[in-house]
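Peer 1: The chain contents come next:
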Amino acid sequence: MSDVSPWVILIASIFTSNILLTNFLGMCSFLACSRQVGTAIGLGTAVIFVMVCTTAINWCIYTHVLLPLGIEHLWFIVAIAVIAAFVQFVEMFVERFSPRLYHALGIFLPLITVNCAILGASLLMITRHYNFLQSTAFGFGGGLGWMLAIVLIAGLRQKMTYSDVPKPFKGVAIVMIITGIMAMIFMGFAGMAKI
Amino acid sequence: MANSSPQIGGCGSGICCGKGKETFKAGVWVTNPIAIQILGICSALAVTTTLMNSLVMSIALTFVCVGSNLFVSLLRDVTPRRVRMIAEVAIIATFVIVFDLLLKAFYFEMSEQLGPYVGLIITNCIVMGRAEAFALQNPPVVSMLDGFANGLGYTIVLCAVGFFRELLGAGQLFGYTIMETTSKGGWYPQNVVMILAPGAFITLGFLIALYNALSGANDSEGETTP
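These protein sequences, in sequence, are chains A and B. Counting in numbering that gives the first Met the number 0, the final residue of the first sequence is number 194, and the numbers go up one at a time with none missing. Counting in numbering that gives the first Met the number 0, the final residue of the second sequence is number 225, and the numbers go up one at a time with none missing.
Please note: incorrect hints may appear among the correct ones.
What the hints assert, rightly or not - If you want a taste of the chain A side facing chain B, the calculated C-beta under 10 Å gives, among others:
#  : residue
1  : Ala-31
2  : Cys-32
3  : Pro-67
4  : Leu-68
5  : Gly-69
6  : Ile-79
7  : Ser-121
8  : Asn-130
9  : Ala-182
10 : Met-183
Source of the hints: derived by calculation from the structure; they are not laboratory data. C-beta atoms are modelled at their ideal positions from N, C-alpha and C, and glycine is treated no differently.
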C-alpha cells in the first residue's frame, strides 16, 4: 500500500476514488454551495489550497510529534485544531495582503473548517499509511477531485432551474439523485489507477 | 433553519422547562436533521452499506450529541462568546475520542469497518449545529433531550438507508440472508450498485423525497430553488 507512486495517488484521488463521490466527504458544503458555478469554483479553490497545506502539516505533526510521544489517541483533536488554526491564519493573511482575494474567498474560508473533506483527507492518509509525498499528492488530488465534482454538479443545477422537477423531489432530493448518477459515471474510471 | 430550536427562555414547569415534548418532536420529525436540515449527510451515506454499521454509527452520534450538548450547556455561562466555537469543538472531539477508544477496545472489527467516519463525527454538522443552536441557550437536561432527539432522528434516517441498501444490494439484513442471491443459487439477482457509492446517493435522494411527500415540506413554499 505504501509504495504507490504519488502520481498514481494524485490521479486516483481525482477520478477513481473521488473524495466526494466515493468517500462522501464534504457533502454539507457541497449541497449548500453548488447552486452557482462561480461559487463552486471559489469554494473549490479554497478547498484545494487548505487541503494540500493541512495534509502536509498534519502529516508532519502526526509522524514527528504524536508518534514519538505515543499519544496517537489525541490525533482527532490535534488534527481538527490544526485545521481550525490554519484556516484562521490563512483568513487573516489573505485579508491583510490581498483584499481582492479575500473578497473572493473570504466567505468560504470559515466554512472550510467544518468541511469534513479536509478532516477526512487528514484521517484517511493516516489510515492508509502514506508517506509525506503521497499525503501531499493525496491532499492535492482530493481537493481537485472535490472541486471537479462540485463544479460539474453546479453546472447541472443551473440548467435544472428550467426543468420541471416533481414536487417532492425539488431541492436536495433531486441533487442527491443526480449526484448518484454522477458517481456512477465516475465508476467508469475504475481500474484506471488503484490506491 | 432559524426556527429549528423552540423559543428561547420562558421556562415552564418541570425538569425540561415544559418544552420537553416539542423539543423531542422537533428533533425526531419536524426538523429532522438529515431530511429537513440536510446536516451530517457524509456519514449517512458512507456507513450505510449494512444495517449493523448504520446502527453503530447512529449510537456513536447519539452518544456524542447527548454528551456534548450536556457539557456545552453546563459551561454556557462561563464560556466567553469569542472562543465558544473552539470550546465546542474540543468538547465534541473529546466525546468522539472516548467512543472511538471504546469501539477499538470492544468491537475492533466494527471499528475497522467504520474507518475514519467515527473521527469525522467531529465535523458532523448535526453535533456542532445542536451545540450552537440549542445547548448554548438552554439548561442541561433539556439540552440532553435535544441531543437525544436529534440523534434519534438521525438514527431513523440512517437505518432506513441502511435497510434498503443491505436488503437490495446483498439480500441480507444484519448479515442474515433474507433473499437468496443468484450468485449463491437463489432467485434474487443482486443489485450491486446499491452497496456501491451511487446507491447511497440515490437511496437517500428517494428517502428525502418520500419524507417531503409525507410531511408536505415542499408544498407550502411553492417554488423552492432546485
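Peer 1: Determine for every hint whether it applies to the structure shown.
Peer 2: Here's how the hints hold up against the structure:
1. The beta carbon of A/Ala-31 is positioned within 10 Å of a beta carbon in chain B (closest approach about 8 Å), and the interface hint is therefore held.
2. A least Cβ separation of about 12 Å between A/Cys-32 and chain B goes past the 10 Å threshold, and the interface hint is therefore violated.
3. At its closest, the beta carbon of A/Pro-67 sits 20 Å from a beta carbon of chain B; the interface hint therefore is violated under the 10 Å criterion.
4. The beta carbon of A/Leu-68 is not positioned within 10 Å of any beta carbon in chain B (closest approach about 16 Å), and the interface hint is therefore violated.
5. With its C-beta approaching chain B no nearer than about 14 Å, A/Gly-69 sits outside the 10 Å limit, and its interface hint is violated.
6. A cut of 10 Å between beta carbons decides the hint on A/Ile-79: the least distance to chain B is about 5 Å, and the hint holds.
7. Because the beta carbon of A/Ser-121 sits about 9 Å from the nearest beta carbon in chain B, less than 10 Å, this interface hint is met.
8. Here the hint on A/Asn-130 is broken, as its CB sits about 18 Å from the closest CB of chain B, past 10 Å.
9. About 4 Å separates the beta-carbon of A/Ala-182 from the nearest beta-carbon of chain B, less than 10 Å, and the hint is met.
10. Interface restraint check: A/Met-183 against chain B, minimum CB-CB distance 4 Å, threshold 10 Å, status holds.
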